[in-house]
Amino acid sequence: MSVLNKTTAPEGHVERKAEATKSDKAVAGVSHVVLILWSVIVVLPLLWTFMSSFKSSSDIFASPFGLPTVWHFDNYSRAWQTAHIGEYFGNSVLVVGVSLVLVMLLGAMSAYVLARFKFWGNRFLYIMMLAGNTFPIFLAMVPLFKILQNIGILGTYQAMIATYTSFALAFTVFFLHSFFRNLPGEIAEAAAIDGAGEWRTFFQIMLPMARPGLASVAIFNFLGLWNQFLIPVTINASGPKVLSQGLFSYAQQMGYAVDFGALFAAVTVTVLPVLVVYIIFQRQLQGSVSQGTSR
Amino acid sequence: MATVTYDNATRLYPGTNKPAVDKLNIQIEDGEFLVLVGPSGCGKSTSLRMLAGLEDVNSGRILIGDRDVTDVPPKDRDIAMVFQNYALYPHMSVADNMGFALKIAGVPKEERLARVREAAKLLDLEQYLDRKPKALSGGQRQRVAMGRAIVRNPQVFLMDEPLSNLDAKLRVQTRTQIASLTRRLGVTTVYVTHDQTEAMTMGDRVAVLKDGLLQQIDTPRKLYDRPANVFVAGFIGSPAMNLLELPEADGGVKFGGTIYPVAREVLAEAHGSTVTLGVRPEDLETVAAGEGLQVEADVVEELGADAYVYGHTTLDGKEHTIVARVDGRRPPMKGDTIWVRPQQGHVHLFDTKTGERLGD
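So the sequence lines, in the order shown, correspond to chains G and H. The first sequence begins at 1 in the UniProt record's numbering and counts up by one. The second sequence begins at 1 in the UniProt record's numbering and counts up by one.
Okay, chain G solo, but in the shape it has when bound:
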């Protein structure tokens, strides 16, 4: 009996170990299948759109999943010119570009001050920034519209840029705050002794040190603002259209005579910059997310 016990005990142990690896494998297998399915769901429509952007409308209906019979590159020129996608693209680049520069500059400066200086009301301001992150944008739309109307800049680039900048500021400050907080104070002191004033310390020492954080936030902000739809549709109805808004109105205008080839071309033009940014900065985005959570 005792002999039996002795022999079974280690066996049982080994078996349990084998079981654990088996279940590990099962979890890994299932999660991979799920992830692959998800990727397919996301990637296929993108590919389909891209492929269809080279087809004529009749071709799309004749063989929805086939390769184009004739490559209609003219879809793109039609979208770019007659559908004004080119113009909207320019507007988007201008509005998002200027907003991005402004929000990074202002956001980094506010985050730096909030993170590294002690003054009365510091905590309050930071909490306001946090609250800004949680405030639903839908509630802000009507007052925002009124304010811009009263100032008299409704439907201008300035209005869009100001709105985008303030919209992205809360997140930017929140994100960079922890970054600046974690930079060693000794280095700022070394700069002070080396003769650098506050401005020089910020721009030449602290800002370069926060570069990884700045890059991640800039990418996040770019993606968020480029894809922004609600804000332009609400406050920019009368102004120079940005891409997402222009695309929407283009699809609407066509009514029942849809030029699907050109529409898909327009969609591709809209999505492409986002895709490119994602692909180039993949690592940065992943890294920043994990950094943000671990700190």
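Don't read these hints as lab results, they were simulated from the structure. Each residue gets a CB set at the ideal place from its N, CA and C atoms; glycine is no exception. Mixed in with the good hints there might be a few duds.
What the hints assert, rightly or not - Some but not every residue of chain G turned toward chain H, in silico, with C-beta under 10 Å:
1. Gly86
2. Gly90
3. Pro184
4. Gly185
5. Glu186
6. Ile187
7. Ala188
8. Gly197
9. Gln204
10. Ile205
Mind docking chain H on chain G? Use the hints.
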């Protein structure tokens, strides 16, 4: 260069009642290497940071040369500082790190490069000038931090535990390098450390601080031979001095079975009927059984030439630990009983109540 004067300098952190540095008075000579030493929280770093201008002075003054710098911002004090973690600018090359202060000061590029190269040569950093700090070893980073200070040719060097991040061997090496370098440059240096060996080996003079109060400032030799109070006596020296509270007896103090003779005038200074007798481990001699103090050896550390006996003794019902240096060739065994007595003329007497030194 310049002298440095702390004139009743006091630092009170907001929200505390007890000053971190309390009425500090130190006069540092031109070209002197002064070490501030003490246990953590004694105010040594705060004192240094006050001199750097990184910490406010709540009352009193700080002078560099004849100039009152109490309210002068750090950049206008003409000082350079080496930080514990070096505080190198991670995105700049070694050369840019070293030349940053000169660049801000508007020194022309060529002169700047020449000065950087000169300092790099002095510190053996020439081949690393284009590297970023993260591509350097700890010792090299430390030298870059030194270089950044040297390049500026300041009136005063401030060093805040610059060796504490180096491994033991490198620390000893760098210790001598820093000491000889600052002497060669002839720049007044204030150096903060918690390591009394560093303090003793590097300083022209050493200031011992405790709880924000200056305990004693003197040459390393004097500090060792004539500690001003019980704290300094126990802090300086390794292994630490034995401090025993002993009753006065006729013509001296009772040291176990013997009476250690002390002049009547000295004993008269003491408050109360006991005095604290301090004797360094190397000043205890072993004697025949029954004479002096009986010590049970708990641990024996054999260092080759010498051996240290860590033991305990009971005096008036209280147990004391005793460290004695004995002949390394004939050390006692653990558990043995030895008898020790201080060598004549090598004891320090302190007032038990105030902790101050009695006699001289």
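Do the hints match the structure? See the list:
The beta carbon of Gly86 of chain G comes no nearer than 39 Å to any beta carbon in chain H, farther than 10 Å, and the hint placing it at the interface is violated. Interface restraint check for Gly90 of chain G: the shortest CB-CB distance to chain H comes to about 35 Å, outside 10 Å, so the restraint is violated. Checking Pro184 of chain G against chain H: minimum C-beta separation of about 7 Å stays under 10 Å; hint holds. Interface hint at Gly185 of chain G: satisfied, since its Cβ lies 9 Å from the closest Cβ of chain H, which is below the 10 Å cut-off.
Restraint check, Glu186 of chain G versus chain H: the minimum CB separation of about 4 Å is within 10 Å; hint holds. The restraint placing Ile187 of chain G at the interface with chain H holds, with a minimum CB-CB distance near 5 Å, inside the 10 Å limit. Because the smallest distance between the Cβ of Ala188 of chain G and any Cβ of chain H comes to about 9 Å, under 10 Å, the interface hint for this residue holds. Among the interface hints, the one on Gly197 of chain G holds; its C-beta lies about 8 Å from the nearest C-beta in chain H, closer than the 10 Å criterion.
Nearest Cβ of chain H to the Cβ of Gln204 of chain G: about 8 Å, under the 10 Å cut. The hint holds. At a threshold of 10 Å, the smallest CB-CB gap from Ile205 of chain G to chain H is about 6 Å, leaving the interface hint in force.
In summary, the structure is inconsistent with hints 1, 2 from the numbered list given earlier, while agreeing with the others.
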